[in-house]
Amino acid sequence: MSATLGISANYHDAAAALVVDGTLVAAMQEERFSRIKNDPSLPLSAARACLSLARLDAKDLTRVVFYENPYRKLERVLTMSLRTFPRSLSQFPRALASQLSGKLQVLDELSSRLGVPRDRVLHREHHESHAASAFFLSPFERAAVLTVDAVGEETTTALWLGEGRTLTALERIAFPHSLGLLYSALTAWCGFEVNEGEYKVMGLAAFGQPRFRDEFRKLITLASDGSFSLGLDFFDSHTNTEVGFSPKLEALLGPRRLPGKPWDLTSEADRRVADVACTLQTVLEEALLGLARRAKERTGADALCLAGGVGLNAVANARLARESGFRDFFVQPAAGDAGAALGAAILGALDSGDARPAPLERLSLGLPVSSDDARTIAKNLGLVVTPLSGPDDVAELLAKGEILAFAEGRFEFGPRALGNRSLLALPTPIAVKERLNRVIKRREPFRPFAPAVLEAEAPKFFEPFAERLAPFMVTVAGVKPEARPSLEAITHVDGTARVQTVKADSPFGAIIDAVGRRTGTPVVLNTSLNGKGDPIVGSVADAFAFFLGHSADALVVDDVLIRKP
Amino acid sequence: MKDCAPVLSVRTVKDLVGHFAKQNRLVLIPLLVVLLLAAVLLVLTQGLAYVTPFVYALF
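If you read the protein sequences in the order shown, they are chains S and V.
The letter at position 48 of the first sequence is residue 48 when you use the working numbering, and the numbering goes up by one with no holes.
The letter at position 53 of the second sequence is residue 53 when you use the working numbering, and the numbering goes up by one with no holes.
It should be emphasised that the hints constitute simulated quantities derived from the structure, not laboratory data.
Accuracy of the hints is not assured; some may be wrong.
Claimed, not checked - Footprint (simulated), chain V over chain S, 3 or more residues, beta carbon under 8 Å:
(1) 316 to 327
(2) 460 to 473
What the hints assert, rightly or not - In silico EDC-like pairs for lysine to aspartate or glutamate, Cα to Cα no more than 20 Å straight-line:
(3) V:Lys14 to S:Glu323
(4) V:Lys22 to S:Glu154
(5) V:Lys22 to S:Glu75
Here a beta-carbon is modelled for each residue, glycine too, at the ideal position from N, C-alpha and C.
So here's chain S without its partners, still in its complex pose (with noise of 0.2 Å):
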């Protein structure tokens, strides 16, 4: 037997993934243990309950594969804070502490804490550990592969040629060149969280003009080849860690906006704030075009394959896949750090001799939830506990137009809710939307909600949209003129929705053809079961804490309904 681990950590949204005799069996965040979102910390306890799902000791592991390589980041650490001296000197002791305070010894630390003996924990390459993540999961025999982020060890963005059982480096941008973070400090001067607000931009982006190209040409230039770089007098990421932009920025664009202020997009302020948003969103679709373009120039490729941080950008998939000329294209869904622990451990599993796993099909590869557990919580906590007979009752209770809490089976890898750990709604009618973004998850109004839609009823309700991505979220799709009166919750205001299509023969699945049953819409709006801040919901504790501190108006955990007294 063969058992790699895979780890990512200690920059956000650590995860550890198992693959066994070439089958991924496991994958979790950390933060769905430490309930820290994007928790950065070394994933034990994710990495436990990988091992205890797939009932393996820590010894029974043939390999331990961290994502990147400590030496060659810790080399570029010092190689730029020295090009950028004296720029970098307030900045450089903090971030070599936090280099030498933890991240240099992580192979030393996963040996320890782990109890694996240190010549089994081994290290890859950060894009190659995302290479490997998008290309061995897809379905493809031959394909390019795209990373693209912030950044790596020093790579930014690379192009890959996959090919049955290998991949090979074919060109590469370095740092500070660098899609994620041009997006990362928009990011910042929209007054959004980096590594956390980007999603928001992207949502923003839909109400705002591209009338800013002239100022972004300053910003970033697009080559012909496909090659970018960023204008650096306007970044200053390496001297200012808080922001990652320079006052030129500012004086560019206009001041940032004020984290945590209201949002008003009928005012001036926040409508540039919305055009600078789209203008961003805008430029980072041409510039992956144009890296797709070289990818497909390059290799000759048929399909594209995707990840990195960037990956996560759904509107940008959506037109990869219309404009790059690539006949397929896959998106691994968990495009971000966290997903680089798949790639860590199949590349592990490659060298143990594995075979490549299988396509990638479903998300749902975290610890499952108990009825059995939810009732006994229930009973401690005095709720009303109800048993359900099937997807019909759950669906009976949506079509009343309750919002619902949903648990059910193995909560899923990556940041997206595909309906295991989900809040459920009927899509229609807007009061749906205003209650769950004000009241329920209580974020910024303007933020879109996603449909989870049968796959084969699909094109009654959406433009056509790229098949292979929807399943995990990963793309958006135009709504149907004729549909949208009955799917106004999760229209965009551009009239786009991010669509997950799943098939009917799925618990999910048969909820939502019942809800079709009743209402004529095989449709349900489908957002993730987390609080303001929190991360997804993953045990069955979690979901009750949920459900107290929220206003949803009953949890379904498996086949019990629970009502608040």
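Using the hints, position chain V against chain S.
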């Protein structure tokens, strides 16, 4: 599984030096040693209590 605090192993030190040698970056090692002392001081004085977002993103 154990929960003891790790220190740099001989293997890591060897790999680290090997990496810098392979990359022809030996000139950085004296700098690394000096700054290691500064880093230890920062850690001991709790100077890492506040780590800003781009420190995670970049370093």
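Inset, instruction - Compare the distance between the alpha carbons of Lys22 (chain V) and Glu75 (chain S) with 20 Å, and conclude whether the hinted pair is satisfied. - result: At roughly 12 Å apart (the allowed maximum being 20 Å), Glu75 (chain S) and Lys22 (chain V) satisfy the hint.
Inset, instruction - Can you take a look at whether the region 460 to 473 of chain S is actually covered by chain V? Rule is 3+ residues, C-beta closer than 8 Å. - result: violated (count 0)
Inset, instruction - Would you check chain V against the region 316 to 327 of chain S, counting CB to CB pairs closer than 8 Å, and say if three or more residues qualify? - result: violated (count 0)
Inset, instruction - Mind checking the alpha carbons of Lys14 (chain V) and Glu323 (chain S) for me, to see if they're no more than 20 Å apart? - result: 48 Å, violated
Inset, instruction - For the pair supplied as a hint, Lys22 (chain V) and Glu154 (chain S), confirm whether the alpha-carbon distance does not exceed 20 Å. - result: 16 Å, holds
Hint compliance for this structure: hints 1, 2, 3 are broken, all remaining hints hold.
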